[in-house]
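Trainee: Here is what each chain is made of, one letter per residue.
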Amino acid sequence: MEIVEHYFYTKEHEWVSIEDGETAVMGITDYAQESLGDITFVELPEAGLEIEQFGQVASVESVKAASDIFSPMSGEIIEINAGLESHPELINKSCYEKGWLIKLKISDAEEKSSLMTADEYRSFLESL
Amino acid sequence: MASTLDLKRTPLYQNHISLNAKMAGFGGWDMPIHYEGILAEHQQTRQSATVFDTCHMGEFVIKGDAVQTGLDRLVSMRIIDMPVNSCRYGFLLNDRGAALDDVIVFRVEKEEWFIVVNGATIDKDAEHFRNNLKQRSSFEDISTKAGKIDVQGPKSREALMELGFSVGAIEYYHFNHFEWKGHSLLISRTGYTGELGYEIYCPWELTAQIWELLLKSACRQAGISRVKPAGLGARDILRLEVGYPLYGHELSENITPLEAGLKRFVDFEKDFIGKEALIKQQAQGVAKSLIGLISENRRAPRQDQNIYTDDGRMIGAVTSGTFSPMLQKGIALAFVEKTFAVGGQKIYFGDDKSKNFAMISPKTFFRGGSLKF
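Listed in order, the protein sequences are those of chains R and B.
The opening position of the first sequence corresponds to residue 177 in this note's numbering, with each subsequent residue numbered one higher.
The opening position of the second sequence corresponds to residue 3 in this note's numbering, with each subsequent residue numbered one higher.
Accuracy of the hints is not assured; some may be wrong.
[Said to hold, decoys possible] Chain R regions said to be covered by chain B (calculated; three or more residues, Cβ under 8 Å):
no.	stretch
1	211 to 219
2	292 to 300
[What the hints assert, rightly or not] Below, in silico cross-link-like pairs of lysine to aspartate or glutamate (EDC-like), each with a Cα-Cα straight-line distance of 16 Å or less:
no.	chain 1	residue 1	chain 2	residue 2
3	B	Lys348	B	Asp269
4	B	Lys126	B	Glu142
5	R	Lys240	B	Glu255
6	B	Lys355	R	Glu219
7	B	Lys355	R	Asp244
8	B	Lys10	B	Asp125
9	R	Lys187	R	Glu273
10	B	Lys126	B	Glu113
11	R	Lys187	R	Asp244
12	R	Lys288	R	Glu228
13	B	Lys357	B	Asp313
14	R	Lys269	B	Glu38
15	B	Lys357	R	Glu198
16	R	Lys288	R	Glu188
17	B	Lys147	B	Asp97
18	B	Lys355	R	Asp196
19	R	Lys240	B	Glu113
20	B	Lys136	B	Glu111
21	B	Lys126	B	Asp273
22	R	Lys274	R	Glu188
23	B	Lys24	R	Glu210
24	R	Lys240	R	Asp284
25	R	Lys288	R	Glu219
26	B	Lys65	B	Glu111
It is worth saying that the hints were derived from the structure and are not from the lab.
These numbers were taken from a predicted model, which means no experiment stands behind them.
Here a beta-carbon is modelled for each residue, glycine too, at the ideal position from N, C-alpha and C.
Whenever a hint applies, use it, and build me the whole structure from the sequences.
Mentor: Here you go:
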């Protein structure tokens, strides 16, 4: 199971990469994409929307199940990965890079303290 | 929820484990959902050939005359005119005209019948036969003795021929017997995918050997990609794309073949259990009707989701839904109030927060398969 070292993680298997203290990119983890199987549909919010930490922000459907996606941090949505509309399989192929979901202008970088580090997430996965 | 310890295992269980299959409970059986991936296995079936473990399905044998044994009265379709080596699809009905199961009847000899039933309904069906046959001694449930492997896809014929099974002359919904290592196999040209395909019935203990043979030896010829295994995940998408019903979803003890749009498998010229109720239902008209839905996008309507007219009236619910790789859209089968079962009608599914629109369509979503090749 691939985990990126400097990213932060949620118990719902989302990841967030805090770019420069002001913006962050989020997506779902390798564990999440593997559990969902072939992803066939992604519903993303519109740019400009304000979102609370752990609030529902997107939904992802696979050939097996539909799953709600929650934002790891609060902030304003500044960009969505529009390519996923016609190529949702990018999440299966590259969940930490080409399969990113949302770019946020974060309101409080300190919210990361309620997220897991890569090591913590690794232990969390082992406990499942 | 049954624990996996309670689940029955097919003779291919170890084969699935060694292929790293994702296993899950299905109708009381521990079955492979996928190996490589559901979409890859779907594509392999539409383009080349796959094998499915369908040993969970049940098989009965009835010896004797169709009318004298009482078999004829137990099935909805005409069987007395069936040629030997042909098979026919139809239903076991209760006295309310609803489906106890959907079955395929094979005429093995003039007075020998082989009946294939669903895995989850074996015991119920066997009891129904024992209770209603006039000659109970003529009935045998051989489900635990008969293994079954489906070979499906446009290359399935070549794959079997290369292994020495000369299935080339078998027409659609016909079958033949083949000798293999001193045992007799029954191979029918039937399936659940909308593609050219065969179903192999073999002794339970030979199933794993035949499975390995199909996977290892078949299709070595240039230009033919190897036969690969496919699981129930791909099988469900394949059958939904061609609008085939799944028992427990589009058919049940509360759903009649008339409501499910399957009247062509009911013969009103003969006598059968449930006929009176169906005649009455036909005269009154059905209240609900099974329809197809094509989503406006890739989002799939999901089982049990309600569906609504444009102006918010709830008119029915989804029985099966999936993403269709052939259409690149969500598709579903759903029951709606009869008056709303109109092709082209726009409906939506989902909640107020996220309405997703779809169009009522014919139930055969994909027509380009190799079924009749």
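Trainee: Now tell me, hint by hint, if it's right for this structure.
Mentor: Status of each hint after checking the structure:
| no. | hint | verdict |
| --- | --- | --- |
| 1 | 211 to 219 | holds (count 5) |
| 2 | 292 to 300 | violated (count 0) |
| 3 | B:Lys348 - B:Asp269 | violated, 34 Å |
| 4 | B:Lys126 - B:Glu142 | holds, 14 Å |
| 5 | R:Lys240 - B:Glu255 | violated, 26 Å |
| 6 | B:Lys355 - R:Glu219 | holds, 12 Å |
| 7 | B:Lys355 - R:Asp244 | holds, 13 Å |
| 8 | B:Lys10 - B:Asp125 | holds, 14 Å |
| 9 | R:Lys187 - R:Glu273 | violated, 20 Å |
| 10 | B:Lys126 - B:Glu113 | violated, 24 Å |
| 11 | R:Lys187 - R:Asp244 | holds, 13 Å |
| 12 | R:Lys288 - R:Glu228 | holds, 13 Å |
| 13 | B:Lys357 - B:Asp313 | holds, 12 Å |
| 14 | R:Lys269 - B:Glu38 | holds, 14 Å |
| 15 | B:Lys357 - R:Glu198 | violated, 33 Å |
| 16 | R:Lys288 - R:Glu188 | holds, 15 Å |
| 17 | B:Lys147 - B:Asp97 | violated, 31 Å |
| 18 | B:Lys355 - R:Asp196 | violated, 34 Å |
| 19 | R:Lys240 - B:Glu113 | violated, 44 Å |
| 20 | B:Lys136 - B:Glu111 | violated, 20 Å |
| 21 | B:Lys126 - B:Asp273 | violated, 22 Å |
| 22 | R:Lys274 - R:Glu188 | violated, 20 Å |
| 23 | B:Lys24 - R:Glu210 | holds, 11 Å |
| 24 | R:Lys240 - R:Asp284 | violated, 35 Å |
| 25 | R:Lys288 - R:Glu219 | violated, 25 Å |
| 26 | B:Lys65 - B:Glu111 | holds, 9 Å |
Hints 2, 3, 5, 9, 10, 15, 17, 18, 19, 20, 21, 22, 24, 25 from the earlier list are contradicted by this structure; the remaining hints agree with it.
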